[in-house]
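> Read off the chains here:
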Amino acid sequence: MILTAALLLGMALFALGLVTVMLRRSAILIFLGIELMLNAANLTFVAFSNATGSLDGQIAVIFTIAIAAAEAGVGLAIFIVLFRRFKTQSVDDLRILRW
Amino acid sequence: MTTALFLAFAGLALLFGLLVAALKHPLYAALSLVGVIGCLSVLFYLLGATFLAMVQLIVYAGATLVLFLFVIMLLDLRGEARQAEAHPVQKGMALVLFAAFLCAGVGTVLVQKLPLATKLVKPGVADLGRLLFTRYLLPFEAVTLLLLAAAVGAFLLARKEWK
Numbered sequence: 001m002i003l004t005a006a007l008l009l010g011m012a013l014f015a016l017g018l019v020t021v022m023l024r025r026s027a028i029l030i031f032l033g034i035e036l037m038l039n040a041a042n043l044t045f046v047a048f049s050n051a052t053g054s055l056d057g058q059i060a061v062i063f064t065i066a067i068a069a070a071e072a073g074v075g076l077a078i079f080i081v082l083f084r085r086f087k088t089q090s091v092d093d094l095r096i097l098r099w
Numbered sequence: 001m002t003t004a005l006f007l008a009f010a011g012l013a014l015l016f017g018l019l020v021a022a023l024k025h026p027l028y029a030a031l032s033l034v035g036v037i038g039c040l041s042v043l044f045y046l047l048g049a050t051f052l053a054m055v056q057l058i059v060y061a062g063a064t065l066v067l068f069l070f071v072i073m074l075l076d077l078r079g080e081a082r083q084a085e086a087h088p089v090q091k092g093m094a095l096v097l098f099a100a101f102l103c104a105g106v107g108t109v110l111v112q113k114l115p116l117a118t119k120l121v122k123p124g125v126a127d128l129g130r131l132l133f134t135r136y137l138l139p140f141e142a143v144t145l146l147l148l149a150a151a152v153g154a155f156l157l158a159r160k161e162w163k
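Protein chains in written order, with this note's numbering: chain A, 1 to 99; chain B, 1 to 163.
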């Protein structure tokens with residue numbers, strides 16, 4: 001019951017993060033969607049860790065949180081530099097590497 | 001009791017998740033994400049991951065999301081929220097993919113024969129730490145290196161006189 005609820009919630013949160021990434025054109029909002037997906041994956045890890053009685057899932061969550069912190073630090077630094085140079089933050093306008 | 005509490009906070013987390021996807025202002029979306037993380041912290045606690053519940057609150061909500069809020073407030077994003085609109089075709093495709101993904105995921109979960117009762121394991125921090133420093137020592141050290149590299153990289157990138 002609880003495991004099913006946790007997995008369904010993880011699924012729904014992941015889908016919401018996915019739709020945020022696909023719908024939004026603002027780099028910060030896309031980043032927030034990615035963080036939401038990471039959290040959904042974390043919830044699934046903890047739920048399975050609880051269901052199987054093994055701690056390996058919780059270890060995976062520790063690593064996910066550390067990597068998310070590193071990712072947020074570098075990503076936000078890149079946003080600051082981009083915003084300083086191009087005065088925009090929309091990924092449709094930032095296309096010097098595309099064409 | 002635990003189940004009711006779990007379901008209540010799961011619903012709250014879903015509500016905040018919907019807000020993250022629906023709100024167009026980065027500040028409000030980030031604050032909703034803080035709500036999601038707070039609810040998930042309670043869920044972690046109810047699932048027996050007490051240490052992770054605290055880490056989720058202190059590191060994720062307290063450090064990572066505050067960093068987000070700092071940057072959002074540092075950048076002058078007025079007017080950005082309106083112009084950053086997706087193309088209608090893009091929107092339609094995103095919603096179709098969202099629905100397909102959600103149906104597939106929920107279906108997959110529902111057809112599984114999952115155990116109804118969950119073992120309420122209460123492992124302490126000691127077990128977690130022992131595992132982290134024995135079997136997962138190498139990934140742990142790799143992550144410390146990654147964090148150092150990320151800190152140096154973020155500092156180098158965001159310097160004022162960046163050429």
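The hints are simulated quantities; they were obtained by calculation from the structure and are not laboratory data. For glycine and all other residues, C-beta sits at the position ideal for the given N, C-alpha and C. Worth double-checking, as some hints may not be accurate.
Stated by the list, open to error - Facing chain A, according to a computed beta carbon distance under 8 Å, are these residues of chain B, among others: (1) L57; (2) V59; (3) T64; (4) V89; (5) G129; (6) L157.
> Give a verdict on every hint.
Taking the hints in turn, this is what the structure says about them:
Residue-level restraint check for B/L57 is violated (minimum Cβ-Cβ distance to chain A is 11 Å; threshold 8 Å). Residue-level restraint check for B/V59 holds (minimum Cβ-Cβ distance to chain A is 6 Å; threshold 8 Å). Restraint check, B/T64 versus chain A: the minimum CB separation of about 5 Å is within 8 Å; hint holds. Interface restraint check: B/V89 against chain A, minimum CB-CB distance 12 Å, threshold 8 Å, status violated.
Because the beta carbon of B/G129 sits about 10 Å from the nearest beta carbon in chain A, more than 8 Å, this interface hint is broken. Evaluation of the B/L157 hint against chain A yields a held restraint, the C-beta minimum of about 4 Å falling below 8 Å.
The structure fails to meet hints 1, 4, 5 from the earlier list, while all remaining hints are met.
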